[in-house]
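What follows is each chain in one-letter form.
There are 2 protein chains.
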Amino acid sequence: MQEMSQLHAIFSRTRGYIDRFAEIIQPIIDAAQDEHTRLYYHHILEEEEQRLGRLQELIPYIGSLDEAKKAEQLSDRELSRLLSDINLERFGLHNFREHLELSLYEFKDEETRQLLNSMRESTQEDYLRVKEIMAALSERFSDVHRPDLTDHDEGYDIHQVDHLKASSSPAVANTGKTAAAPAAKTGRKGLTVGSLKGMF
Amino acid sequence: MQEMSQLHAIFSRTRGYIDRFAEIIQPIIDAAQDEHTRLYYHHILEEEEQRLGRLQELIPYIGSLDEAKKAEQLSDRELSRLLSDINLERFGLHNFREHLELSLYEFKDEETRQLLNSMRESTQEDYLRVKEIMAALSERFSDVHRPDLTDHDEGYDIHQVDHLKASSSPAVANTGKTAAAPAAKTGRKGLTVGSLKGMF
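For the record, the sequence lines run as chains A and B.
The opening residue of the first sequence carries number 1 in this note's numbering; numbering runs sequentially from there.
The opening residue of the second sequence carries number 1 in this note's numbering; numbering runs sequentially from there.
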């Protein structure tokens, strides 16, 4: 199945990116002058380690399905589980894109910024491609429980921002310790438990 | 099975916490004066929404296992899958703890800080309890593939920091735009693909 081959390539590529990303971020952690900065980048890297751990299991499995042409013979339950696993990595790609974008605000040297941005653009393409593949797989196996494939970016203006440009502005502010808004109980948008369906 | 009842309580509690956390963070996003701050808190909240989506499926499933005493009759494959799902939420609890800790650095008012910290302490207890439950379940069903239960905190000094105290210090620096370390290819610690086993 062609899709398995494509998924294998995408997940192998992002696995390599995690390694390059860690090479860029680890020195920031090592040189951090305060606990907040250390915690912030440690946290991002830890989440990528968790994703790497999942990919280390998923990539060989997808590879075995591809090589032996076994994907067509999966039971409904196996296919449903596979779609669920792929969906988790779809979110993983989306979150990685944001980790890359957040990191753009840390660096001033063009070489690092270009590397982060090229990984960001490639990751976004892979994210969209995974969405298409999942739609095709769900379509073909219509009996299987289909994950909600609503574009993760929908309804969030922040995803339309050019963070390469925004992060190069000298007026860029820091994260944390901003003019703290009150922890009001009002003003939330669509984040009640009941209203989350279809948000992502 | 007593464990199912405990897991149901833990995951229900953290589901409620996500809602309270969103109430605290959404106003920060709405009031953000720059794209970096908006992206940062949007990203944290989006990851919690993803976790909420998973919990919305897992909680009723665990509840059904608990009510019908069906956990003992799961097949090896079903149990293995259940352990894998629980393990993902174990990471989710750990990451939520860090989201709470990162947010401590945003707020100065005691009421919000105490709420964040109490959720942080409770979340850490729940994280450790889930680890114990997984060990017990793996022990009982010895044929099943066991997830690596190494404490996620091991080897990371950052988890030993008292972030409630650190975040109250006036010397706390911002995240991002710190004294940027060079993106050196050296100085990384244990983050090669091959060395990740047992890190978490």
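Please note that the accuracy of each hint is not assured.
[Claimed, not checked] In silico EDC-like pairs for lysine to aspartate or glutamate, Cα to Cα no more than 20 angstroms straight-line:
1. A/165 x B/34
2. A/165 x A/110
3. A/131 x B/67
4. B/165 x A/110
[As the list claims (entries may be wrong)] The following label-pair restraints were derived from C-beta to C-beta distances:
5. B/76 x A/140: 40 to 48 angstroms
6. A/121 x B/122: 53 to 61 angstroms
7. B/2 x A/33: 42 to 50 angstroms
8. B/56 x A/69: 34 to 42 angstroms
9. B/111 x A/122: 29 to 37 angstroms
10. A/135 x B/88: 22 to 30 angstroms
11. A/75 x B/110: 54 to 62 angstroms
12. B/110 x A/74: 34 to 42 angstroms
Worth flagging that the hints you see were computed from the coordinates, not collected in a lab.
Built from N, CA and C at the ideal position, the CB exists for glycine as well.
A quick look at each hint next to the structure:
Distance hint between residue 165 of chain A and residue 34 of chain B is fulfilled; the C-alpha atoms sit about 13 angstroms from each other, no more than 20 angstroms. Between residue 165 of chain A and residue 110 of chain A the CA atoms are separated by roughly 12 angstroms; this keeps the pair inside 20 angstroms, and the hint holds. Only pairs whose Cα atoms come within 20 angstroms are accepted, and residue 131 of chain A paired with residue 67 of chain B is rejected, the gap being roughly 36 angstroms. This hinted pair does not check out: residue 165 of chain B and residue 110 of chain A have alpha carbons roughly 37 angstroms apart, beyond 20 angstroms.
At about 29 angstroms, the CB distance of residue 76 of chain B to residue 140 of chain A disagrees with the hint of 40 to 48 angstroms. Checked against the hint of 53 to 61 angstroms, the pair residue 121 of chain A and residue 122 of chain B fails, with Cβ atoms roughly 40 angstroms apart. Between residue 2 of chain B and residue 33 of chain A, the C-beta spacing of about 47 angstroms keeps the proposed range 42 to 50 angstroms intact. For the pair residue 56 of chain B and residue 69 of chain A, the supplied restraint of 34 to 42 angstroms holds, since their beta-carbon distance comes to about 35 angstroms.
About 44 angstroms separates the C-beta atoms of residue 111 of chain B and residue 122 of chain A, a value inconsistent with the hinted range of 29 to 37 angstroms. A beta carbon spacing of about 24 angstroms between residue 135 of chain A and residue 88 of chain B agrees with the range 22 to 30 angstroms that was offered as a hint. Range check, residue 75 of chain A to residue 110 of chain B: Cβ separation about 55 angstroms, and the 54 to 62 angstroms hint holds. Distance hint check for residue 110 of chain B and residue 74 of chain A: the Cβ-Cβ separation is about 55 angstroms, which falls outside the suggested range of 34 to 42 angstroms.
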